[in-house]
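*Asks:* With the hints as a guide, bring both chains together as one complex.
As a plain string of letters, each chain reads:
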Amino acid sequence: MNTRRAARPGWSCLGSAANYIVLGICALIALYPFWYVIVSSLSSSRAITAGEVSLWPVEINVEAYKRLFEDGQLFLAMRNTVVVTVIGTLFNMAFTILAAYPLSRKRLMGRNALLMLITFTMLFVTGVIPNFILIKSLGLMDSYWALWLPSLISTYNMFVMKTFMEGLPEEIEESAAIDGAGDWRILLRIILPLCKPIIAALSLFYAVGWWNSYFSVMLYITKSSLQTLTLKLYQMIQQVDQSLLNSFSGSEGVTQVLLTPEAIKAAAIVIAVAPILVVYPFLQKHFVKGVLIGSVKG
Amino acid sequence: MNGNRTGKGPGRMPPASRGGGPPAGVARLAGGSPGAARTGASRSVIRSRLKRDRHLYLMLLPVLAFYLAFKYAPMAGEIIAFKDYRLGDGILGSKWVGFDHFQSLFASIDFWRVLRNTLLLNLYSLVFGFPVPIILALMLNEVRKEGFKRTVQNLLYLPHFISWVVLGGIFVAMLSPSTGIVNWLLSNVFGIEPIYFMADSSWWPVAYTVSGIWRDAGWGTILYLAAMGAIDPQLYEAAKIDGANKLRQIWHITLPGIRSTIAILLVLRMGQMMDVGLEQTLVLQNPSVLDVADVISTYVYRVGLLNMNYSYTTALGLFQSVIGLILVLGVNRLTRLFGERGLW
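Protein chains in written order, with this note's numbering: chain A, 1265 to 1562; chain B, 11 to 354.
What you were told as hints is all true, and nothing was included just to trick you.
Keeping only pairs whose Cα atoms sit at most 25 Å apart, straight-line, the calculated DSS-like set for lysine-lysine is:
| # | chain 1 | residue 1 | chain 2 | residue 2 |
| --- | --- | --- | --- | --- |
| 1 | B | K159 | B | K250 |
| 2 | B | K256 | B | K155 |
| 3 | B | K155 | A | K1549 |
| 4 | A | K1400 | B | K105 |
| 5 | B | K155 | B | K250 |
| 6 | B | K159 | A | K1553 |
| 7 | A | K1400 | B | K81 |
| 8 | B | K159 | B | K256 |
| 9 | A | K1400 | A | K1487 |
| 10 | A | K1460 | A | K1553 |
| 11 | A | K1549 | A | K1460 |
| 12 | A | K1370 | B | K61 |
| 13 | A | K1370 | A | K1460 |
| 14 | A | K1553 | B | K155 |
| 15 | B | K159 | A | K1549 |
Which chain B residues stay away from chain A? Per the calculated CB distances, all over 12 Å, these:
| # | residue |
| --- | --- |
| 16 | D120 |
| 17 | F140 |
| 18 | F200 |
| 19 | P243 |
| 20 | I263 |
Cβ-to-Cβ under 7 Å is the rule here; a few derived chain A residues that face chain B:
| # | residue |
| --- | --- |
| 21 | A1291 |
| 22 | M1373 |
| 23 | I1393 |
| 24 | P1414 |
| 25 | W1448 |
| 26 | T1494 |
| 27 | I1533 |
| 28 | I1540 |
For the record, the hints were derived by calculation from the structure and aren't laboratory data.
From the three backbone atoms N, C-alpha and C, an ideal C-beta is built for every residue, glycine too.
This is chain B alone, in the form it adopts within the complex (with noise of 0.2 Å):
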């Protein structure tokens, strides 16, 4: 794996004798350590290395655990999807039950409806949410006004930091019928009706929509603006001299520029399609939109754990997850095929 970083005990080689290749480095390496001898080389090799880097070991000890014991086991633990699992019987003593609530899952409305709302809420994100950090990033670009352009990314970035609940709650107040400032404007400036925003099923999505735009959209121009700013100056003023306007200058220098960033996040974002935020919608959600604002995580949430339907909810948490999984691998080798560096 790695032959030219040879050890000599527990301490490291001088820097003077780094970058041999592979073959000699092994070589060094076998021949160098005084524990080794000839015969059974390698493994004395290994050993020597493990003795030299113990501490590092014993530094991922409790790093392994954690993931053994909270990442690992809660895998292991989707096994209840094919068992009916009941607190009592715990979840080995449980009856198997094969595929009897993938079945039961497909055959329900409500597996269509979640799932539909779930790449529907999606699909809307992505449509009208992609964009537009694109273009703050493009317009902060443009500002010269170091005071100015500061000051707006700085407002433009703080909602990101604030709670689902505490956005959800300054939002619902703001669209509120009766009190909201959203419908005072509508009727007292546009006279028009009051919209019950949150509580109408044509409505939500757009509410839904704008409120993620609205928490993320500055937050993600950070990544755009620092691709901008790698861009070499000596384009824009080549461009210049040729009579290249603002506009033109941004369309054949700056989005070529930003293309391969838009590419990596617009695949990270297709690889989340299975995913809706989950305290962003509890927090949105009210049982009036309930058929456009129920998603597979709120729907396990609700079913699973407040009507303790484990076992049939599990199965629907791991068709997202397995969903999933095939959406960003998949996601990941079209990059790839598309001569992007894809994300491993």
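Chain A extracted, bound-state conformation (with noise of 0.2 Å):
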């Protein structure tokens, strides 16, 4: 027994050394993605098209970001993405509630029916096609009512929040009914005031989702006038992926252009990753808590 424990703890502690180093590895492939395009869109383009750069800038230059903010596109793009992004989680968490709260409670007749119906649409997902029909034949494209009309609810939020109202105790919200408050006033003065975690929470997801969406923008919005950053980003990148397939062959032509597309698809990238960069330290036990609470039951 004396000797077992004496052994153990070099053991351990050689464990658990090692564990920390993969943790700490594994952190760090997940952050240098990041890191490298940064240090890409700083670095020169001949640094990059060389194949010089890795851990920091080579060359460092702002050529890139100057070319992209000269070119006001990319402004306009963005003021686009917090539009969508703003008013469409806006919408998302008015409609959210306005779902979650009534089917929370129990006491509402036909409340089964109505949970079967809106569980359904999360079982058997619609075709792209007929969602597209659909927005044509409304008159919706070119317009960001096609992005945010089809998406007001996520079903599986609105059953994380359904679900969390339902963990809240009835008999606040009883006396407040004694006191006279109807159904409108104790949303507003009681439950939503409680649900401040699970609002923040899907606040986040909605506007993350907003904020990354591209494929939806692709299909219903063609006028350049109204696209997004997410859009352009992947028109660029789709661009400069073409000529990085061919890059190998014709390399020479290449380097003898000032600004590669590579260094200004790296600077496009920090640019649409930075915001939510900043956010992220603040956000963190909310989307955590957000996860939890949805796990309870989806």
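*Replies:* See below:
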């Protein structure tokens, strides 16, 4: 017994050191790609093309950023993304609450039937084309309503919120009802303030979704004045990737150019990611909470 | 449905009278509400409850409108899979063709190719991707330094919040044969010829799977860590006294403790076998690897929307949805057979 106990701390120390090191490496692997684009965006095109960029910027310059900012379209795209994200998230939250609160009241007649109706839309996923035809026939093409209306409620998020509301103590609500408060007042004055953590988490999920979305924008928005950042980025990356795939054969031609598409792409990626990286540390605790509430019963 | 929750008019009953058995509750409701005469009691009960909750129904009105207009209407739109849909004629005006589109679908090489790719890419992600968050969570769970743990977690979650456009862009850039860091390492450190990861049919699925793991493995640890946090610490104490080392503790306590979480997540994952993320695939794929990278969703997009073969690809989408629905229902039944709670 004694010898065993003496032997073990050494081993467990080694094991836990290895554990720390491996986890540290994993964290760096998760982070490195972001570092890599930041570093590339600040390096000279020559260094990128020659493959000299790895850990630190080589021949620092901000040409790529200058070029992007001179091109006013980027600002426009950024503004569009902000509009889509902010208004989209507000719509999402309003409708999610409007659905979750009544459905969280067990006394509501027809509740089970409504829940079944809604759950079925989660199980049967409609194809892209019927959706596309619907949007087209509603005349919503080239308007942000084509993005907002079809995704007013994420059913999964709605269920998360409903579960949270069901967990609130009923007595608070009942005493408010005795004091003469109606359903709207109970919702706005009592339920919503208690829902702050879940509202924060879901707003975050919705907002990140809007910020990152590109496929629906690609489908429904064709006017370039309405395009969002991710879509612009997507088109840029597609172009660059085509040239990268072919770049092996004609690499001497590429080095002649002052600014490679590769550098511009890196800078554009940095601009698109920066807002998320900035707010990310502040929101960490909210999203973990959101996931955990959702896992109780989805 | 809920007999023990009675209501008097628009207000709600006081807490004291809660919890009566269903029969008593119904009786009290029928007798209690002033408008309810003995005759036709149930109808007036319904009416009074509708009236009491009218504001709740009012709230649900726009919600229902949303589900009908943007969820159920497209479902009805799936009937164009059985018609020759043309924009000018509209859905109702187009000609019925029965199962013609399905027949030509099952007869086409493309269908079997995209079906195979969809299933294969899903299988790779399942086999190689599913265990990764479990392993990461086990490792994180052993970390005692709170600050280190939180930092690592935050870095691991980060890629989940970034658009596939951006992640894909970064990923492709890093794998580029001429300028990417991966090939730079391969050639300068190991002396290997550059590999065209994204343009080579045998490497592309690897890159696809790895990119998926990179984005979501860290995110996937959240639920496992929560499950591990719920394990009774006394079990570990007892095991320590019995002389179990860390690995044995993980094997005999932690893993059994998160078994039901693993089962549920595995089941959820199985239900998605027919669906490969459209955004991820679109960003990563390129014409030179379409033989392995073309999946149902990208095929529907390309052939259906870009080439306007609406009916034909709707048939494909409907096939995908129906199989997906069967998978989810079947897998849920299976979990319940195994004694787990299931998804509903």
